[in-house]
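Going down the list, the protein sequences come from chains A and B.
Heads up: take any position in the first sequence, counting from 1, add 13, and you land on my numbering.
Heads up: take any position in the second sequence, counting from 1, add 29, and you land on my numbering.
Any given hint could be a false lead.
[Said to hold, decoys possible] Keeping only pairs whose Cα atoms sit at most 25 Å apart, straight-line, the calculated SDA-like set for lysine to any residue is:
id, chain 1, residue 1, chain 2, residue 2
1, A, 37, B, 385
2, B, 497, A, 87
3, B, 451, A, 29
4, A, 217, A, 82
Derived by calculation from the structure, the hints in this document are not laboratory data.
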Amino acid sequence: MGILSFLVLIPTITIIAILFTNDKKQARLVSAIGTGIQLVLAGVLVWMYLTERSAGNTAAMLFTQDFMWYPNLNIHYAVGVDGISVAMIALTAVVLFAGIFASWEVEFLNREFFISLILLSGGVFGFFISLDLFTMFLFYELAVIPMYLLIGIWGTGPKEYSAMKLTLMLMGGSALLLVGLLGIYMNSAPAGQPLTFNLLEIAKVTIPIEAQRLFFPLTFVGFGVLGALFPLHTWSPDGHASAPTAVSMLHAGVLMKLGGYGCFRVAMYLMPEAAHEMAWIFIILTTISVVYGAYGAIVQKDLKYINAYSSVSHCGLVIFALLMMNKTSMDGAILQMISHGLMTALFFALIGMIYGRTHTRNIYEMGGLMKVIPFLSVVYVIAGLASLGLPGLSGFVAEMTVFVGAFQHADTFHRVATIIVTTSIVVTAVYILRVVGILLLGPIKNEEFNHFKDAKWFEKLSTITLLVMIAAIGLAPLWLSNMIQHSLIPIIQKLAVTTGI
Amino acid sequence: MNLNSFLLMRHEIVLIAVALIILIAEIFTSDQNKGRIRGLAIILFALNTIIGFFPAETGTLFGGMFTTIPLHIVVKNILNIGTLIVLIQSNAWLKTEENSDKFPEFYVLLISTLVGMFFMISAGDFLMFYLGLELATIPLAALVAYDRFRSQSAEGGIKLILSSAFSSGIMLYGISMIYGMYGSIYFDMLSPAMAMNSLTILAFIFFFAGMAFKISLVPFHLWAADVYEGAPVNVTSYLSVISKGAAVFILTVILFKVFPTISDLWQKVVWVIAVMTMTIGNLFAIRQQNLKRFIAFSSISQAGFFLLGVIGGNEMGMTAIVYYMLVYIFSNLGVFGVIAIISNKSGKENMDDYNGLYHTNPMLSLTMMLALFSLAGIPPVAGFFGKFFLFTAAAQKGFYILVLIATINTIVSLYYYLLIVKAMFINKSETPIPYFKSDFYTKLGLGICIAGLVIVGFASGIWEMIAKLAFGM
Chain A
14 MGILSFLVLI PTITIIAILF TNDKKQARLV SAIGTGIQLV LAGVLVWMYL TERSAGNTAA
74 MLFTQDFMWY PNLNIHYAVG VDGISVAMIA LTAVVLFAGI FASWEVEFLN REFFISLILL
134 SGGVFGFFIS LDLFTMFLFY ELAVIPMYLL IGIWGTGPKE YSAMKLTLML MGGSALLLVG
194 LLGIYMNSAP AGQPLTFNLL EIAKVTIPIE AQRLFFPLTF VGFGVLGALF PLHTWSPDGH
254 ASAPTAVSML HAGVLMKLGG YGCFRVAMYL MPEAAHEMAW IFIILTTISV VYGAYGAIVQ
314 KDLKYINAYS SVSHCGLVIF ALLMMNKTSM DGAILQMISH GLMTALFFAL IGMIYGRTHT
374 RNIYEMGGLM KVIPFLSVVY VIAGLASLGL PGLSGFVAEM TVFVGAFQHA DTFHRVATII
434 VTTSIVVTAV YILRVVGILL LGPIKNEEFN HFKDAKWFEK LSTITLLVMI AAIGLAPLWL
494 SNMIQHSLIP IIQKLAVTTG I
Chain B
30 MNLNSFLLMR HEIVLIAVAL IILIAEIFTS DQNKGRIRGL AIILFALNTI IGFFPAETGT
90 LFGGMFTTIP LHIVVKNILN IGTLIVLIQS NAWLKTEENS DKFPEFYVLL ISTLVGMFFM
150 ISAGDFLMFY LGLELATIPL AALVAYDRFR SQSAEGGIKL ILSSAFSSGI MLYGISMIYG
210 MYGSIYFDML SPAMAMNSLT ILAFIFFFAG MAFKISLVPF HLWAADVYEG APVNVTSYLS
270 VISKGAAVFI LTVILFKVFP TISDLWQKVV WVIAVMTMTI GNLFAIRQQN LKRFIAFSSI
330 SQAGFFLLGV IGGNEMGMTA IVYYMLVYIF SNLGVFGVIA IISNKSGKEN MDDYNGLYHT
390 NPMLSLTMML ALFSLAGIPP VAGFFGKFFL FTAAAQKGFY ILVLIATINT IVSLYYYLLI
450 VKAMFINKSE TPIPYFKSDF YTKLGLGICI AGLVIVGFAS GIWEMIAKLA FGM
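Model the full assembly from the supplied sequences, consistent with the hints where possible.
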């Protein structure tokens, strides 16, 4: 059994182990151990991947495994990873590990909480390792559905509404996606040959352009819903605001990346001609996403809403960069996914911790937190600086690469779009600094704040894990960037062939 | 014709034997010992189910009236499994005081309808098909009216018998037109002769309308909700799962076998009916508070999904239908099992009554959730695979728009299934349904459903086996 299958197996075992626990302490301990193993495994995977590559292995996918599942329909359990999926897996493992510690003190139904959370993560891991569209779709849905219970049971505010909205919109996306995937499947082989769901096999054939025109938008929008593509992003602010801390972290940090990942790995990679034809529509939409999200964040008062709108903006940037379809910008897109995943997870973790103390998320009811909880406040500032793209942190690396790549297009349309998107940097700075000013600086608004205790050990563990990763990417982006770029080559080639670049 | 050739009818003969044994056993047991008949019935039926899996011969009887092919055997076995679950689930209900004097009749009637379905499935001509259909329907009306002191139940029985008599009449009219035109009622002789002309189309429409009544497709669905609500829960589950599954199967067979030459026409009809059935079934289901009515509309909508397999008119569609039938049995009977238990123990059937159920009865709630997710087509339970394959079958023939409408409908259905999940897991209640201990048979019934839900999808062998048999059709 290869290392990749363990990524799905360990969550399964952890879930079964949690079933046998008796109380909160045992449940969270087992979850921490399970996700810890998962983190180690992800680290080992990165290391193994880098050694394989430096040993000169140039295969598109490494550690592949292939079992026939439904011979009659040619459905396989096929797994394999390239640099991009390895990076995403590592991101997931880090966020999940931090998420378990951020939700160390869940109040009720603890076992059910951890089971749902780990089930969700299992879906995400499965999605990133899948090479077969069928299993990919299966894991995709598996990752979405626990969200309903996670938000509905343990959420805050209008949780039932948010949970239902989020689930239905994401499942609506997957309804479009399903039709798109079936369309790809039916065109996956020349007449007479057996049809296939295997990504790499399908990439070898050219899907007829008529079919591409039909199925590209379905697939792209299907994934785009999860990537908060404007105007289908509305589930995101409500969902994230109502979700409990760890769920917001995992959802904004990792699950939304499934959307971006699917967009290029499936939609653009397999249907490049249609991608070129229709890119302009989605470039306009994502430009709106980026700017609108940033402006949305300015006017919000609720900390979680601010961060949720900021996620819409940042995730819009991911899809925007993907649609620019050159090596630099796509590299930036992947970097942005990882950087945003870490940043936003850190933000949501901090918001959860602050909310746990102040019992409000309204920024105008808080102030001067820097004086009472300095550790959390400083981390918050650092996360904010990463988010607004300060050099030395991951946000800068990602955004810089995106903008450089996007500006490489010489035509007016792309350049105008890029310039508009770039303005969001300023807006981002405004909403980040505004929150820092109101929330952390100034006089202490409320007497009770003086009794706050600073971060406990598990909170520190959670935030520092994320912070280290953010700084590591910011200071030494090259190893990650190399890993990604190598894996982008086949995708770029496939995209370039059609335009003759 | 010799004694051996009767073995082709093994499934039917064994079933009839089971029914007769129960009937005779009732005569010879005293009133005190009558309770044992319940156990006897379940054991006999379980034996029948097991015997069904023994290797069987294939061939035709009575000059082509009765045929047995491997796919028929699979379908019969699937229906056997489903009926076994229904029998196990109804045990607790039949134990109650009011049923103490008449429960053997329940078994006999139920098994008679199943025999009728088996004859219908194996039919090689319209006569055998019609006989089977009537045998399957008339005892069902008696079953629906089984709670004779409840006016709703009696009303449901009357509604069922009237509407099915009406639909049978319509269907017979269509069949008589076919006979008048082509001089035959044998499926094999009809298919090459069938030509596209006005009278054939009219005959097809009459036939299809009659079948649509039986399967409760929109716009012929109006009887379903009242009958489902009026009937005892266990009968409703039988109605909505077994009898629907058998009818869909035979409809598909006849469309493939008798009407292939006018497939362009019936594909259009099926397209429209499928869209209407899925959508209207779903929209009505959203508004229901009573869970039996709710499931009635949900299963109307599910019948629309079956049509996605019908429309392709190919082996892939056939396989998907039979496979989904199996999946549907486990999912719907899982839901009904929980509803029946709660209805028996507390008399509550409304969605609000389920508020906070997870806190008092976690296992029941989890079973319900898995079964509902399976109905909605959420992985990793079997419903996901069943729906996916139905969609694949329709997509294979290029019906992408239909598939898109269907997938959107699954989202609508997910909404109202989630409403129940929400009631059980999220809503709080001052007076939740108290905890109760389930007896052995109840646990067994639900256990089989859960096992089926979890295993069927991952065990690809089941799909492969059905596919192999369907491709040999």
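Here is what the structure says about each hint:
{"no.": "1", "hint": "A:37 - B:385", "result": "21 Å, holds"}
{"no.": "2", "hint": "B:497 - A:87", "result": "14 Å, holds"}
{"no.": "3", "hint": "B:451 - A:29", "result": "24 Å, holds"}
{"no.": "4", "hint": "A:217 - A:82", "result": "22 Å, holds"}
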